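The task is simple: from the sequences and hints, build the whole structure.
With our numbering, the residue at position 66 of the sequence shown is 82, and numbering never jumps.
Hints listed in this document are in silico derivations from the structure and should not be mistaken for laboratory results.
These figures come from a predicted structure and were not determined experimentally.
Be aware that a few hints might be false.
As a list, the in silico DSSO-like pairs of lysine-lysine whose alpha-carbon atoms are at most 30 Å apart [what the hints assert, rightly or not]:
#1 263 to 197
#2 197 to 230
#3 230 to 136
#4 263 to 230
Between beta-carbon pairs, the in silico distance windows are [as the list claims (entries may be wrong)]:
#5 238 to 189: 12 to 20 Å
#6 230 to 133: 30 to 38 Å
#7 169 to 238: 14 to 22 Å
#8 203 to 141: 31 to 39 Å
#9 213 to 193: 31 to 39 Å
#10 198 to 231: 32 to 40 Å
Glycine is no exception: its CB is placed at the ideal position from the N, C-alpha and C atoms.
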Amino acid sequence: MTPVEQMLRAAAADADWPVTPDLAASVMARIGGLSPLQTGDGGAGVIAPGASAADARPRFRLRRPLAIALAALLLLAATAAAIPGVRDPVLDWLGLRSVEVERVPHPLPAAPGEHLGLGKRTTLAAARSRLGFRPVVATGLGQPTVYYGGFPPGGEIGLVYPHGIVIAELSGRLETRYLMKFLPPGTEADPVTINGDRALWIHGAPHQYAYVDKAGNIHTDSVRTAGNVLLWHRRDLLIRIEGARSKARALAIARSAREAP
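Structural data, given as structure tokens:
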């Protein structure tokens, strides 16, 4: 007999069980079609006037020390289940051998860019299969964490690279006349070119910008990180590059971009 079984048997011996009533009279009265009240039998098990059937049910009561002991026993079993040398016998006894208990020193860290609202985390291959365009990836920045969003038409992909570089791509075009309405005072937009394509380096404190999607609808989007942003047209794509510390760095990232394999 295991120590846990011995403890439970000892606890059971201390349980305060009520005396089992004599139910024979009540059963015989019901068989004869009479209620226990009509029999006039005042023996144990007969339901007295004003009482209910629930009052005749035996009750199981635990003394306070026993209840505390059982709670401590459950806590002990849970603790023992996390100790490698004791875990398997305890889980066998509890019928939980298939449960895997693993201790971690700290909560698991959030994925890079998880708080930026770029969509649902996925793989590059899965995002490509759902996008209405072929995305580009920057070279020389390492492997990005990939996010996919179903809006606007054609979808949007977010690539979060190490060192805080964030690239977002969608089908659309930038309209300067809409853009300027959303730039706060002190923020400027410098026109630049990237491999012959038009781009804007927005520096200051940009928060939102406006664009036209592939269906001709006007939308606004938010700059996800603090700092400057490069908005770049590449064929039918509108690409947003954030997190670069300078215009030269942002342009170098854009020029390194290649179609995703």
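So, going through the hints one by one against the coordinates:
Using a Cα cut-off of 30 Å, the hinted pair residue 263 and residue 197 holds, with the two alpha carbons roughly 23 Å apart. Distance check on the hinted pair: residue 197 and residue 230 sit about 21 Å apart at the alpha-carbon level, within 30 Å; holds. As the CA atoms of residue 230 and residue 136 are separated by approximately 22 Å, the hinted pair is consistent with the 30 Å bound. The hinted pair formed by residue 263 and residue 230 meets the criterion: a straight-line CA distance of about 28 Å does not exceed 30 Å.
The hinted range of 12 to 20 Å is satisfied by residue 238 and residue 189, whose Cβ atoms lie roughly 18 Å apart. Distance hint check for residue 230 and residue 133: the Cβ-Cβ separation is about 21 Å, which falls outside the suggested range of 30 to 38 Å. For the pair residue 169 and residue 238, the supplied restraint of 14 to 22 Å holds, since their beta-carbon distance comes to about 19 Å. Between residue 203 and residue 141 the Cβ separation comes to about 37 Å, which falls inside the hinted range of 31 to 39 Å.
At about 19 Å, the CB distance of residue 213 to residue 193 disagrees with the hint of 31 to 39 Å. Checked against the given bound of 32 to 40 Å, the beta carbons of residue 198 and residue 231, roughly 21 Å apart, lie outside it.
In the structure shown, a violation is registered for the earlier hints numbered 6, 9 and 10, in ascending order.
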